[in-house]
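Place chain D on chain F using the hints.
Taken in sequence, the protein lines are chains F and D. Residues in the first sequence are numbered consecutively from 5, following my numbering. Residues in the second sequence are numbered consecutively from 35, following my numbering.
A portion of the hints provided could be inaccurate.
As the list claims (entries may be wrong) - Among the chain F residues that face chain D by a calculated CB cut under 8 Å, a handful are:
1. 33
2. 35
3. 46
4. 47
5. 49
6. 56
7. 60
8. 78
9. 95
10. 103
11. 104
12. 108
Everything labelled a hint here was simulated from the structure, so no lab data went into it. For glycine and all other residues, C-beta sits at the position ideal for the given N, C-alpha and C.
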Amino acid sequence: DAGVIQSPRHEVTEMGQEVTLRCKPISGHDYLFWYRQTMMRGLELLIYFNNNVPIDDSGMPEDRFSAKMPNASFSTLKIQPSEPRDSAVYFCASSLGIQPQHFGDGTRLSIL
Amino acid sequence: EDQVTQSPEALRLQEGESSSLNCSYTVSGLRGLFWYRQDPGKGPEFLFTLYSAGEEKEKERLKATLTKKESFLHITAPKPEDSATYLCAVQEGDNTDKLIFGTGTRLQVFP
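Here chain F stands alone, though its shape is the one from the complex (with noise of 0.2 Å):
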């Protein structure tokens, strides 16, 4: 079975450029999760949807970052304009009902 797909894998780009993560979650999943990873802070939950629909914002760092989830199998997360501090791995996760969450692979996001 297909697990948690995100794209692209690695991105590079230049401060002050707009970054798009996505996200395709495993079908049938009702909750989708946006993570970032760092040395220094760990795995933090960004934002999280049930059933495509936003209920916890309050982990987005700043107005910079927002994120959608237009259907039940795709979901974007943004920052417009990046940083070189928003430099850190991405995760989409999702679950049926609330627990376990399934991770995917990440986007390793670099901002020079």
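Below, chain D without anything else, positioned relative to chain F:
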């Protein structure tokens, strides 16, 4: 503030040398405690869920246990393929579906 603390940060074991990883937590009302394994360049992979003190779960060489303040991941006779970072996460309260993750224990098992 709710916290999840894992120790040690790193652990080096000889193949066959059993040990335990610790996850201590301070949350107001635990709904579940989760263990994940993460390999380099990969996303976390779910291992166990524990819901109440005294509960135990086993999978191959791994056994997870839970008390009211902490959880242990016991690794019996580890093999090199058990090398990974092990993450602990807690879900707390009745009004949230969020997980709070610890920073993990990086395990290396040498042949």
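Please list, smallest to largest, the hint numbers that this structure does not respect. Per hint list: 1, 6, 8 violated.
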